Each structure stands twice: as C-alpha cells, then as structure tokens.
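2 protein chains.
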Amino acid sequence: MPPVSGKLLGAAIAVALATGGPAQPGSATAPAAPAADGTVVLDGTRVPPSRLLSPEGAAYLRHLIVDKPFAGGPGLSDIVGERAHQDRIMRGFLEPMRRRYAVHVEEQRIGGVVTDVVTPADGIAPENRDRVLINIHGGGFVTGGRTASLVESVPLAALMRIKVISIDYRMSPEYRFPAASEDVAAVYRAVLKQYDPARIALYGCSAGGMLTAQAIAWFRKEGLPRPAAIGVFCASLGKIAEGDSAVLAGPLTGARPAGGAEGAPRRPPGYMTGAGDDDPLAYPQQSAALLAAFPPTLFITGTRAFEFSAALNSHNRLTAAGVESRFHGWDGMFHGFFYNSEMPEAREAYAIMARFFDSHMAR
Amino acid sequence: MPPVSGKLLGAAIAVALATGGPAQPGSATAPAAPAADGTVVLDGTRVPPSRLLSPEGAAYLRHLIVDKPFAGGPGLSDIVGERAHQDRIMRGFLEPMRRRYAVHVEEQRIGGVVTDVVTPADGIAPENRDRVLINIHGGGFVTGGRTASLVESVPLAALMRIKVISIDYRMSPEYRFPAASEDVAAVYRAVLKQYDPARIALYGCSAGGMLTAQAIAWFRKEGLPRPAAIGVFCASLGKIAEGDSAVLAGPLTGARPAGGAEGAPRRPPGYMTGAGDDDPLAYPQQSAALLAAFPPTLFITGTRAFEFSAALNSHNRLTAAGVESRFHGWDGMFHGFFYNSEMPEAREAYAIMARFFDSHMAR
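Just so you know, the protein sequences line up as chains A and B, in that order.
Here the first sequence stands for residues 0 to 362, where the numbers follow numbering that gives the first Met the number 0.
Here the second sequence stands for residues 0 to 362, where the numbers follow numbering that gives the first Met the number 0.
By construction, these hints were calculated from the structure, which means they are not laboratory data.
Here the structure is a predicted model, which means the values were calculated and not measured.
Distance condition first, Cα-Cα at most 20 Å in a straight line; then the derived DMTMM-like pairs of lysine to aspartate or glutamate:
id : chain 1 : residue 1 : chain 2 : residue 2
1  : A       : Lys67     : B       : Asp36
2  : A       : Lys162    : A       : Glu105
3  : B       : Lys192    : B       : Glu221
4  : B       : Lys67     : A       : Asp36
5  : A       : Lys192    : A       : Glu181
6  : B       : Lys162    : B       : Asp121
Derived, one-sided and incomplete: chain B residues facing chain A with beta-carbon distance under 8 Å:
id : residue
7  : Asp36
8  : Gly37
9  : Thr38
10 : Val39
11 : Asp42
12 : Thr44
13 : Arg45
14 : Pro250
15 : Asn315
16 : Ala319
17 : His327
18 : Glu347
Glycine included, each C-beta is placed from N, C-alpha and C at the ideal position.
When you get a sec, could you build the whole thing from the sequences and use the hints?
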C-alpha cells in the first residue's frame, strides 16, 4: 500500500484538540484568561442561528431572539392578566395546529377534576381503543390551563389516533405543591377504572414535564400502579435548570442570563415553594430507589432550552438506574419549541413521542 | 379543594420564558442587541464548570481550561514529533487505565493490517466466545495508532470480558480517504471468516467515530453484511462540527472559538481532503437510503465537545430513518472526555457502551 503523495494538510482533529483549534480569519478576539476555578468568560463569541435548523426552525429562533414575541405580559402581580396574556400566546400556537390536526375537544370532569378530552376527528385507531394518553400541560404551574393543554394534546391525538385527557390541575399562586400531584392522581385513579395501566401513558412539557415525573413519585406513594411510559418534555426529573444550559440558554435566546452570572440555579417556580430540595415527591431524582421504579421515559428538549443540561443528566441517571430512557434534543431549539407545530423540528418531535408511546403501551 | 392562602410567589417558568428570566443580583451586563439575523453575541457570560459534573469531572474540565495539558505539540509540520507528542498524552491516559482494567494485548496482522488484540486478563465471558468488538481509534486521522487504540479498547475488553480488535489503519498525511476505510474493510472481511456479523460490533471515537460510520457505507458498497451494532463516539454521521457546539465548544473549553467567529464549519481533517462534501462514503448522512440501512447506533459525547450538535442531529436523522439510535451526553464534558478513565462520567459511558453492544449482538 504505497503512500499517497501529497503535502502536509490542514488541521487535524487531534491537533485541533491539542491546540484549541487553528487560528481562523474572522475569529473573535482571544478570550479573557479563564478563572482559576475553570470559569470561562464568553466575550465576543458570536453565535448565529444553528445551521442544523430547518429554515422554519431558524426563522422561529430568529423571531424569538429579535422580536421577543412572548414578552409583554403583566407578570405574576396581575395573575388574571398574565394568564390572559399566556392564553393568547397559546391560542396563537393552536390556530395553525387545529388546521393541521383535526380533533374534537370535549370538557369532562374526571375524578372530580376538569379535563379536556381530545379525540381524533377521524376516529380512534383500532389498536388504541383500550389505550389512553394523559397530558399535564406546561405554563410554570401558573398558566396554560385549557390552552397549553390543547397545544400539547392536539398533535398526538390526531397523529396517533388516540384519546388524550388533558388535566386542568390546580396552579400557583392560588395553590402550591402538591395540589397538582393530587389532581393528577385523582384523574389517574378514575382512568384506571377503565384502562389497564399498561395501556396508559403520561406526558407533559415544562411544569407539565416536572409534574409528570412528580406524578410517578406520587402514584408510588399512593400504591397506584405505574403507567406504561412517560414523556418528560422541556423538563428533568430534578431541578429544571442546572448545569451549562441554565447559564447559556438565556444569552443564547437573546435574553438576560437565565441563571445568574455565575450559574446559580434559577429560582424554583412559586408553586414549588415549601417543597424540600431533597423531597423525591417534588424532585424524584433525589431517590435512587424511586428512579429505579420509573417506567420507560422519553426526554424531549433543545440545546438552547434552560432545561437541556438537567434533562440530559436525568436521562443518564435513569439509564444508570436500569430504566429504559430515551433522549432527543434539537440543536438551537429552545424551551417549549414544539408548541409551534409549523416547524419540521416540532413535527419530528411529535413523531418520536408517538412512536415511543405506541411501542411501550400494551396492545 | 380550597385555595392555599399565600402571597404571590416568585418567578414561574411561563413568566421566565416570556420575560427572559427574572433579573438577579450579580447578573452579567445586559447583552448587546442581537443582530437582525438572530446572531447573539455572548459578552460577559460567565460559565463555571457544570454543577452536574462529578468532582473528578469538574477537576478534569478545570485542568483542561486552566492548565491546557494537551497543548504544546509541534503540529503537522513535524508529523513524527506530533505523533510522539500525542502518543505521550495517550500513554498518560493508559497508565491508570491499565491498573484499573486487567487485559492482555497482542499484536496480530489481520487481513494484512496490523491490529492490537485486547483480551480480558480473567478470560472471555462464555456468552462472548463467539462475539467480537472492532475498534477504530481516534486522533484526527493523523495520530493515535497503537495508543489511542488501547485507550479505547482496554475498558470495554475488561468490562465486557470480550475480545477487542483495534485497527492500526493508514492515516494522514501519508494517506488520504478512503485508505482507512479500505483497511477497516480488510480486517472486517477477515473477521467475518470467524464471526457471524450478528456477533460483531464496531466503534470508535473522534476520527474513529467518523470512520465507524464511513465503514458502514463502505461495507454496503462492497456487499459485506452489516455488523450487529456500532458506536459513533465523539463524532457524527456527517461533518463532525456543525451547529451551536461548533461555535461554543472552543470558548467553553478555554480555547479560541473552534469554528470561527461566525460559526463557519471547522475545516475538515486533512485526511478527508478530496472527499466530496456530498459523498456518502465520506459523510454517510448525505444518503437517506444509506442511513436507513444503518445498524443500531449509539452516540456518546459531551455538551462542551465540538461534535455535540452534529451528533445530536445525526441521532435525530437516524431515528427519522427508522433506525434504532441511542444518544448519551454528559453536561460540561468535552471531546474525547472518556479517554480519562478516572472520572465517574467516563465509567458511566463505558457501562452504557457495554450494555448497548451486549444487547444488540446475537448470543
């Protein structure tokens, strides 16, 4: 095998690793010397929208960063106004979603709790007659009842041709932990009268992802059987914002640093006030025995989401506990990105959710 | 269900999302206004070592950032010196590894190619008598023969109690693509005389991860059966550095921006010069049909590795093609982090690799 003739060629990875990469035209200025504790200061690092995004995804990220479309709510000091503001945002997501995915929505009181029951307009698939999904919506434990609810339920109901029950659980500031866990358990108890737990899956995004994980802990405490599978989306099994993404997600989405300049953890949502940091009913990752009892779990997030690092870590923790765990993230996408059904990234996420739940629920 | 009395509480996620997070004491200065195209400039963003790392992992990241232990090689203009430099680094990893994992190493020529055959000191496990792993080492297609080789093979040989054949393939600058693919295929052909392909798995890190993916394309072209599973570690199925991590990994490991200030893709390694950007034999992700023919694939990386975003994207592409794909990343870890066996994160990665290969190879 004769050598290929040729001059010495450009940068190789080993050398790039060793030297920190070749100097390139247009590079940013040299960074400040790192602190002795390994803290790096990102000065002059310019990050364009990820080239791995679809045109629609890149446009949505640009919209978030430049136009700040979700700003402007009155905040928690006017809870009625803030909920109305967030509901308007959710209805903005719902409008194209309802055109794309044909469903019926019906209000039903289940286990004493108000729910929205979402069913596909073209009927439940034969293999899903005895199966059901339970959705726990996002909105920071504060907003999203009956609106984020539908945003999270409509695509899966239509794509899987399955019934989705979305819970209008009690929220902050009127209620605190564990009121929502109690409501989820009340609905779950009622659903168990009709469905085999091996044919039930639970999922939610953001606060709803945290609540999904908390529900597994709560069910176990109550002696309820675990469901077939769960989807912890836009969240983790512990604190929602830790590690690198807690620091970087804010700046990378055009906002102030999300977690404070030194990466201090984001303050927990008000709903969680009073819950102990080491309480597995609040933060299931605190208990190794509880983790080992988790059902198969799917994590969905994006690299510019503040929960990204925590979700990645929960995926490893669950895997180490011997639990079937799957992780999917989209480069450049942010917290709750898949609420926008008009991006290929969102629809790819729905397809992964659908396949995961279908493969883990008994027929 | 009476309302919990209580005052309005702190930041909720919905509100944090809407406003970009609450202002916090000690926050960095407000960022510069984002560019109209959505490019953000990270000025004053301070990123400490991830709090999700083990003490050993955090110490290793700090060592990389502050002490720059892998700098100082002569570079490609002195290829002999550069290889010696990299080999010294690899022997530094090997020393504690050989103490931790007892193996025998034997040089064997297989299919005309020099290999290191690594076997567990306490014997091959009964269930692995008819199974074998093939390793394709990292080192930027330039360095690492017989050294990075062992760093990647010793832990799995010992942990799984299985034979690992590590290939000393032809490298740059003496050779170019597809010389290494030819060498891998030559070894694979010879191994197929003794082993069922359903009992063979291939894996590698960095250039070796790229080569593992390229091998699947090459085998298909040559009409060779595919192996049971592959591990694409520290790499992707396409270009190795794309998206957010290509821009951020350099600054986040205390080096200059890895991909140029505007996120321009890292220059490909010299070995790949001459390979077309759209050639699936070089970048398998270019062909949807090829992707769909991939065996079950495991990706292993870290959030501060330049390949992180590309690997995450390949995982989604493979999943969309209907292929069994698994992704594990460690927050705050960097390119090739698991070469350092003295961190829990590395040993957690070995355990995931071992379980993945074991579960996909026929008994």
